[in-house]
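> Starting from the structure of chain X, add chain R where the hints point.
There are 2 protein chains.
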Amino acid sequence: MAHLKKALYQAHALAQSVVKAGDAVIDATMGNGYDTLFLAQLVGENGRVYAFDIQELALQRTHQRLQEAGCLDRCRLILEGHQHMDKHVEEPVKLVMFNLGYLPKGDHSIGTRYETTRQAVEKALGLIADDGLVILVVYYGGDSGFEERDQILAYLNGLDARKYSVMKTEFINQINCPPLLIAIEKNLPD
Amino acid sequence: MAHLKKALYQAHALAQSVVKAGDAVIDATMGNGYDTLFLAQLVGENGRVYAFDIQELALQRTHQRLQEAGCLDRCRLILEGHQHMDKHVEEPVKLVMFNLGYLPKGDHSIGTRYETTRQAVEKALGLIADDGLVILVVYYGGDSGFEERDQILAYLNGLDARKYSVMKTEFINQINCPPLLIAIEKNLPD
Numbered sequence: 002m003a004h005l006k007k008a009l010y011q012a013h014a015l016a017q018s019v020v021k022a023g024d025a026v027i028d029a030t031m032g033n034g035y036d037t038l039f040l041a042q043l044v045g046e047n048g049r050v051y052a053f054d055i056q057e058l059a060l061q062r063t064h065q066r067l068q069e070a071g072c073l074d075r076c077r078l079i080l081e082g083h084q085h086m087d088k089h090v091e092e093p094v095k096l097v098m099f100n101l102g103y104l105p106k107g108d109h110s111i112g113t114r115y116e117t118t119r120q121a122v123e124k125a126l127g128l129i130a131d132d133g134l135v136i137l138v139v140y141y142g143g144d145s146g147f148e149e150r151d152q153i154l155a156y157l158n159g160l161d162a163r164k165y166s167v168m169k170t171e172f173i174n175q176i177n178c179p180p181l182l183i184a185i186e187k188n189l190p191d
Numbered sequence: 002m003a004h005l006k007k008a009l010y011q012a013h014a015l016a017q018s019v020v021k022a023g024d025a026v027i028d029a030t031m032g033n034g035y036d037t038l039f040l041a042q043l044v045g046e047n048g049r050v051y052a053f054d055i056q057e058l059a060l061q062r063t064h065q066r067l068q069e070a071g072c073l074d075r076c077r078l079i080l081e082g083h084q085h086m087d088k089h090v091e092e093p094v095k096l097v098m099f100n101l102g103y104l105p106k107g108d109h110s111i112g113t114r115y116e117t118t119r120q121a122v123e124k125a126l127g128l129i130a131d132d133g134l135v136i137l138v139v140y141y142g143g144d145s146g147f148e149e150r151d152q153i154l155a156y157l158n159g160l161d162a163r164k165y166s167v168m169k170t171e172f173i174n175q176i177n178c179p180p181l182l183i184a185i186e187k188n189l190p191d
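Line by line, the protein sequences give chains X and R. Heads up, the first sequence is in the working numbering, so the first residue is 2 and it goes up one at a time. Heads up, the second sequence is in the working numbering, so the first residue is 2 and it goes up one at a time.
Looking at chain X on its own, in the form it has when it is part of the complex (with noise of 0.2 angstroms):
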C-alpha cells in the first residue's frame, strides 16, 4: 500500500479538514459530478455548492449525479465559465475547487484555457472567506500539454507573499505526468 497519496486524494483529504456542515463552496470545473457530488457531501443538507461549467452536458450529468445521491437540494449548478463565478455567488466561501487541463477518459473536445483560469483564480481569492482555500488538481502533459501549467503556476508564483502563502505537491521523477496539487490560503495576522 502507498503511504505518499496522489493529487486528487490529498485534495479530498485538504477539503475534508476545511469544509464544515453549513458552508458555502465552489466547484469551478464541474465536469462530470464527481467533485460536485464529493462537496455536496462535505457541506450536509444545510450547506450550498456552487458548480460551474460551460456545458450543457456536464450540467445534465451532474444534476443525475446529485439526484439520485440525493443531494440536489444543496447545489446550484450554473451553465457559465468560473471567471464569472463572482456574478453568481454573494456570500463568502470555504472553498473553492478546479480541476484544470483534460480529465483522464474525459472529453477532450473543451478544456481549460490559462487566460480564463486565472481570471477565475482571481475571483476566487475575492469570495474566499479569512480562514477558506482554493485548491487546484492540475492535470498536464498528454493531451493537456504543460502551457497551461507552466503560466498558471508562474502567476501563483507571483501572488503577494503577504497576503496568499500558495503549496504545491507533486512527484518529481515521474515520467507519466501525475497530476499535481495547488493550495492557497490568505495570510491572517497573527
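Any given hint might turn out to be false.
The list makes no distinction among identical chains, and a pair is therefore deemed to hold if it is satisfied within one copy or across any two copies.
Under the rule of at most 27 angstroms between Cα atoms (straight-line distance), these lysine-lysine pairs were calculated in the DSS-like manner [claimed, not checked]: (1) LYS124 x LYS21; (2) LYS7 x LYS88; (3) LYS88 x LYS6; (4) LYS21 x LYS6; (5) LYS187 x LYS21; (6) LYS164 x LYS124; (7) LYS124 x LYS187; (8) LYS6 x LYS187; (9) LYS187 x LYS7; (10) LYS7 x LYS21; (11) LYS187 x LYS164; (12) LYS124 x LYS88; (13) LYS187 x LYS88; (14) LYS164 x LYS88.
Note that these hints are calculated values from the structure, not bench results.
Okay, now just chain R, sitting in the frame of chain X:
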C-alpha cells in the same frame, strides 16, 4: 488558523501514518535530538531508533533529552556520518528521516553537504522496508544557501521512476525560504 501546514509538521504527520509500535527507524540527522525523541515515542518501548551525528555535542544533548523522557532504552546514538548508516543497521527500517541544511537557530558551524547527503539517501533507500519511507526536510536559503537543495533535487529527479516515487511539497510564492518536504517510497508491483 492556517490549513496549510509547514514542512516539519507534514513530515511528522507522514511519519505517524507510517511508523507503528515496535518498528525500527533511523534519524539520519540527530542534531539537538528533537526528532530522535519524536521517533522514539512513535516506535514505543519495543521499537528501535538509530540516530546519527558527527558532533559529540549532538549525542550529549540527545542523550539527555531521551533520558529525561524515559526513552533512552530504545535508542542507539551513533557518532558517525549518516553516509555510513548501513554499517550500524542490520534490519529493514520503516522510516529514515533527514533534516538538511542548517537548522534555524541551530549551530551553523557544521551543516550537511550534498555529497555525503546523497550517499546517505542511497543507503537509506537500501535499508527501508518495502512499505517504508524516506523523508527529507530541506532547509535552504540564508546561511544554508541553495546549492545542497538544488543538487539533492537533481539527484532525486533522476531516481528510477519504476522503482521509486518522489513527492515534493513546497511553498512557491514565499520570500523567506520556508523548508521543503520530500518523501520517497518504493513502487511495489500491484
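> Decide, hint by hint, whether the structure agrees.
Do the hints match the structure? See the list:
1. LYS124 x LYS21: Within one copy only: 22 angstroms inside, 44 angstroms across.
2. LYS7 x LYS88: neither (33 angstroms within a copy, 35 angstroms between copies)
3. LYS88 x LYS6: neither (35 angstroms within a copy, 32 angstroms between copies)
4. LYS21 x LYS6: both (23 angstroms within a copy, 19 angstroms between copies)
5. LYS187 x LYS21: This pair counts as within: shortest intra-copy Cα distance 18 angstroms, inter-copy 35 angstroms.
6. LYS164 x LYS124: Classified as within; 15 angstroms inside a copy, 41 angstroms across copies.
7. LYS124 x LYS187: For LYS124 and LYS187, the Cα distance is within 27 angstroms only inside one copy (14 angstroms; across copies 40 angstroms).
8. LYS6 x LYS187: For LYS6 and LYS187, both the intra-copy (25 angstroms) and inter-copy (13 angstroms) Cα distances are at most 27 angstroms.
9. LYS187 x LYS7: Intra 24 angstroms, inter 15 angstroms, cutoff 27 angstroms: intra and inter.
10. LYS7 x LYS21: both (23 angstroms within a copy, 23 angstroms between copies)
11. LYS187 x LYS164: Answer is within: at 6 angstroms inside a copy they meet the 27 angstroms cutoff, but 38 angstroms across does not.
12. LYS124 x LYS88: within (10 angstroms within a copy, 56 angstroms between copies)
13. LYS187 x LYS88: So LYS187 and LYS88 pass the 27 angstroms test inside one copy only (22 angstroms; across, 47 angstroms).
14. LYS164 x LYS88: Classified as within: same-chain Cα gap 24 angstroms, cross-chain 49 angstroms, threshold 27 angstroms.
Hint compliance for this structure: hints 2, 3 are not met, and every other hint is.
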